[in-house]
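K.L.:
In case you want the letters, here they are:
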Amino acid sequence: MNIYVCIKQVPDTETKIKLSPDSTGIDTTGIKWIVSPYDEFAIEEALRLKEKNAGSLVTVIAAGPARVVEALRTALAMGADNAIHVEIAETADNFFTAKSLAAALKKEAKVDIVYFGKEAIDDGAGQTAQLTAALMDLPCVTVALNVEYSADKIKAKREVEGGAFEMIEATLPVVIAAQKGMNEPRYASLPNIMKAKKKEVKAYKESDLGVSSADQKIKLKNFQLPPPKQPGKKVEGDAATAAKALVQLLHTEAKVI
Amino acid sequence: MSKIFVVVEHRDGKLKKVSFELLGLASQGGNEAYAILLGEGVTGLAGELAHYGAKKVFVSDSPTFKYYSAEAYSKAVVQIATQNGAEVILTGHTPTGKDFMPHVAAKLNVGLASDCTQISISGTTVTARRPVYAGKATAEVEFLGSGVRLATVRANSIGIPKPDTSKTAETSAVTIDIGQLKTKVLEVVRGAVGRPDVTEAAIVISGGRSLKSAENFKILEDCADVLGAGVGASRAAVDAGFRPHRDQVGQTGKTVSPALYIACGISGAIQHLAGMRTSKTIVAINTDPQAPIFQVADYGIVGDLFAVVPELMKEFKNLKEH
Ligand SMILES: Cc1cc2nc3c(=O)[nH]c(=O)nc-3n(C[C@H](O)[C@H](O)[C@H](O)COP(=O)(O)OP(=O)(O)OC[C@H]3O[C@@H](n4cnc5c(N)ncnc54)[C@H](O)[C@@H]3O)c2cc1C
Chain X
0 MNIYVCIKQV PDTETKIKLS PDSTGIDTTG IKWIVSPYDE FAIEEALRLK EKNAGSLVTV
60 IAAGPARVVE ALRTALAMGA DNAIHVEIAE TADNFFTAKS LAAALKKEAK VDIVYFGKEA
120 IDDGAGQTAQ LTAALMDLPC VTVALNVEYS ADKIKAKREV EGGAFEMIEA TLPVVIAAQK
180 GMNEPRYASL PNIMKAKKKE VKAYKESDLG VSSADQKIKL KNFQLPPPKQ PGKKVEGDAA
240 TAAKALVQLL HTEAKVI
Chain W
0 MSKIFVVVEH RDGKLKKVSF ELLGLASQGG NEAYAILLGE GVTGLAGELA HYGAKKVFVS
60 DSPTFKYYSA EAYSKAVVQI ATQNGAEVIL TGHTPTGKDF MPHVAAKLNV GLASDCTQIS
120 ISGTTVTARR PVYAGKATAE VEFLGSGVRL ATVRANSIGI PKPDTSKTAE TSAVTIDIGQ
180 LKTKVLEVVR GAVGRPDVTE AAIVISGGRS LKSAENFKIL EDCADVLGAG VGASRAAVDA
240 GFRPHRDQVG QTGKTVSPAL YIACGISGAI QHLAGMRTSK TIVAINTDPQ APIFQVADYG
300 IVGDLFAVVP ELMKEFKNLK EH
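Line by line, the protein sequences are chains X and W.
Numbering of the first sequence is given in numbering that gives the first Met the number 0, commencing with residue 0 and proceeding in unit increments.
Numbering of the second sequence is given in numbering that gives the first Met the number 0, commencing with residue 0 and proceeding in unit increments.
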């Protein structure tokens, strides 16, 4: 099988966000970059599928500036066979990114399954998997937990609202966006990390893919940090007294109950 | 004046509050609000949509929409929107809305502002702001070029307008040219819980590792049921198996924005704050006065949750009964 995983490099979850001086984005100095957590489930699922199907290949694709090659190397160290870097600007929106990924995938001889994480934890938009699928005219299953694979289709359990699940069937080729709980991602071993450093990473420029910043549909601007929170009120007293006082405050002051 | 289409949602025969919020927004400032209602046996819901501002309701009441699917929904929305000259399309940033709207964006070849927590519409100019980096910052969304404006809006961001029951709306039954579908929903397995989902609830009560067991969450559930609240959890509580992952609030869980968030025995790690910091009022109950959760809390009780929560439940009950 020809298995693809689209991954994004994002700031570590512990990152303290600072804005760039002109507020057009964030200050990226000193940021530790990681593979977006949901994408790790996607990589793991791809590797497991490959292991069950002899002769399969897993190719990871990341769009973004030069630094994202590091995320590709992480995926190679986990066990991916090939890597493709789609060189587009850091500021690319979901549409531009999806169009670039779709163009890169269309250059491949055969695509059976494309995995994504259900969303990237930086912009948290959760659009790229569906956009890429729609631009390639492929079915798309998001927030997938369990996937059963057969020759020409998949059956997936996906999380829907209100604590419910749904079973959905889709024909191959298919785009699947992974939810946490799909599997337990493996760690890369040291020898594999060393090997991954030497692997070749294929690179595409915008011109190779026929995309340009004209494909950008939205722009994020005027970034703001949340206003500093006023120090809260400590409600004193034993459990019963404090509970009574708190409920009064919620009712009369905050007016939320 | 612009034509604003709201894709409304319903569950178990009831319309969702976020749909009302959006109709309220769409019918302001001289704009015209149109609702898109998809489902099986849903035509009867059209009347209520009028009370919240819908001027006209496009309904496709068909077995095709017995179950939600991104593929069928996006086809329907694209067809109805294009045939009727939609200038703006809105829906909730719900599991459903965030799933199908990107398909609509791709088919219409336009941009989509996801998960907006502030939005205003003046003429055909849509101004929106959304959280980025898990709420550690926010950014304004600017639409480039022309075309239909698309946005998904986080529940509880706008507020529900007062319904005007004297209003009525024209209903238009639409047949969707669905074509060959590549996906098929086989079944939907309902969760046992009757409580609202944490992303939709107006009040969320969450517990952390300190609850010590799945059984102990009952004290939060009991308290939640008095208020009709949802029950959330920290990742530590989920990883310990006390709650299912769908209840997890935070960077790798759900993002919630209720009117009231009560954190019980949750330390307030940055990844947890990412999922709840936009809540309007935050209450923290924690034995450790230094716990970081107190830095974002509007009201705090330094104390043992096992003693405080049952007392709180009594007081909530008192308040509800009087
Ligand atoms: C990549 C990544 C993603 C993550 N995503 C998430 C996420 O989505 N959501 C999330 O929540 N976390 C997430 N985390 C984990 C996060 O860092 C914290 O470990 C977690 O939130 C801690 O949960 P907790 O507050 O329940 O436990 P603890 O940090 O152990 O805190 C327990 C608190 O309970 C208090 N306490 C103890 N006993 C009592 C009592 N009887 N009464 C009252 N208070 C009491 C203690 O004082 C303490 O403050 C993530 C971490 C990483 C690295």
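Since the hints were derived computationally from the structure, they do not count as laboratory data.
Treat the hints with care, as some may be off.
Partial list, derived from the structure: chain X residues whose beta carbon lies under 7 Å from chain W [said to hold, decoys possible]:
1) Met0
2) Phe94
3) Met135
4) Phe164
5) Glu183
6) Pro184
7) Arg185
8) Ala187
9) Phe222
10) Gln223
11) Lys233
12) Ala239
C-beta: ideal position from N, C-alpha, C; glycine also.
K.L.:
Take the hints in turn and mark each one as holding or not.
P.N.:
Right, here's what the structure says about each hint:
1. Using the Cβ-Cβ criterion of 7 Å, the hint placing X:Met0 at the interface with chain W is not satisfied: the shortest such distance is roughly 18 Å.
2. The criterion of a C-beta within 7 Å of any C-beta in chain W is met by X:Phe94, whose closest approach is roughly 6 Å, and the hint holds.
3. A hinted interface residue such as X:Met135 counts as satisfied when its beta carbon comes closer than 7 Å to some beta carbon of chain W; here the least separation is about 9 Å, so the hint is violated.
4. Of the supplied interface hints, the one on X:Phe164 holds, with its beta-carbon coming within about 5 Å of a beta-carbon of chain W, less than 7 Å.
5. For X:Glu183, the interface hint is violated, the least distance from its beta-carbon to any beta-carbon of chain W being 12 Å, above 7 Å.
6. The beta carbon of X:Pro184 is not positioned within 7 Å of any beta carbon in chain W (closest approach about 12 Å), and the interface hint is therefore violated.
7. A least Cβ separation of about 18 Å between X:Arg185 and chain W goes past the 7 Å threshold, and the interface hint is therefore violated.
8. Against a cut-off of 7 Å between C-beta atoms, the interface hint on X:Ala187 is violated, since the closest Cβ of chain W lies about 20 Å away.
9. Residue-level restraint check for X:Phe222 holds (minimum Cβ-Cβ distance to chain W is 5 Å; threshold 7 Å).
10. Hint on X:Gln223 holds. Least Cβ distance to chain W is approximately 5 Å, under the 7 Å limit.
11. The beta carbon of X:Lys233 comes within 5 Å of a beta carbon in chain W, closer than 7 Å, and the hint placing it at the interface holds.
12. Proximity of X:Ala239 to chain W holds as hinted, the smallest CB-CB distance being about 5 Å (cut-off 7 Å).
The structure does not agree with the numbered hints 1, 3, 5, 6, 7 and 8 stated previously, though it agrees with the rest.
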